[in-house]
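Given these sequences and hints, build the entire structure.
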Amino acid sequence: MPLTGHCLCKAVTYKVDVDKPVLTGYDHCDDCQRQSGSTYSLVCVVPKDKLTVDGPLKKYEGTADSGNAVYRWFCSECGSPIAHEPSAAPEIIALKGGSLDMEIKKGLKPDTEIWTVSKLPFCQEKLAKPFEHMPQ
1 MPLTGHCLCK AVTYKVDVDK PVLTGYDHCD DCQRQSGSTY SLVCVVPKDK
51 LTVDGPLKKY EGTADSGNAV YRWFCSECGS PIAHEPSAAP EIIALKGGSL
101 DMEIKKGLKP DTEIWTVSKL PFCQEKLAKP FEHMPQ
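Mind the numbering: the sequence shown is residues 1 to 136 in the UniProt record's numbering, read in order.
Bear in mind the hints are in silico, worked out from the structure with no lab data behind them. Among the hints, a few may not be true.
What the hints assert, rightly or not - Within a straight-line C-alpha distance of at most 25 Å, the following computed SDA-like cross-link-like pairs (lysine to any residue) qualify: (1) K109 / V45; (2) K59 / P90; (3) K109 / H6; (4) K15 / E85; (5) K109 / L120; (6) K105 / G79.
The model shown is predicted, which means the values in this text are computed figures rather than measured ones.
Right, dumping it as structure tokens:
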């Protein structure tokens, strides 16, 4: 079964002709924190040649610590991040795990963390007040 996903407004959709990601993990780099607006980005690495994308996609070119380009893909309508594409590894692309369809992302099993040098200290703690939904 292929991996499928979309942006928030559903203008951008994608399909990856693989059964599961090569790697699923948490990316703690500062750029991913800023792009996601969160403490890390859940990434699902897949072969780029298996990915098909439809819709109004934009790409932002940034520079990795290595000096190589990193292209961050997002929907030009709603701004949702879709993926990041490292030019240093042209055979892969890192999809943003939150953009996968719900039944697929529920089955993800992150097994890797990268850029832990930038991992925020409070990400180590278990919170005392978990809420299943918003508190009432």
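Each hint, compared with the structure:
A hinted pair counts as satisfied when its Cα atoms are at most 25 Å apart, and K109 with V45 qualifies at roughly 13 Å. Restraint check: the Cα-Cα separation between K59 and P90 comes to about 15 Å, which is no more than 25 Å; the hinted pair holds. With a CA separation close to 20 Å, the supplied pair K109 and H6 stays within the 25 Å bound. A threshold of 25 Å between alpha carbons decides the hint, and for K15 with E85 the separation of about 16 Å falls inside it, so the pair holds.
Simply put, K109 and L120 have alpha-carbon atoms about 21 Å apart, close enough for the 25 Å limit, and the pair holds. In summary, the hint linking K105 to G79 is supported, as the alpha carbons are separated by about 20 Å, within the 25 Å threshold.
When each numbered hint is compared with the structure, no violation occurs for any of them.
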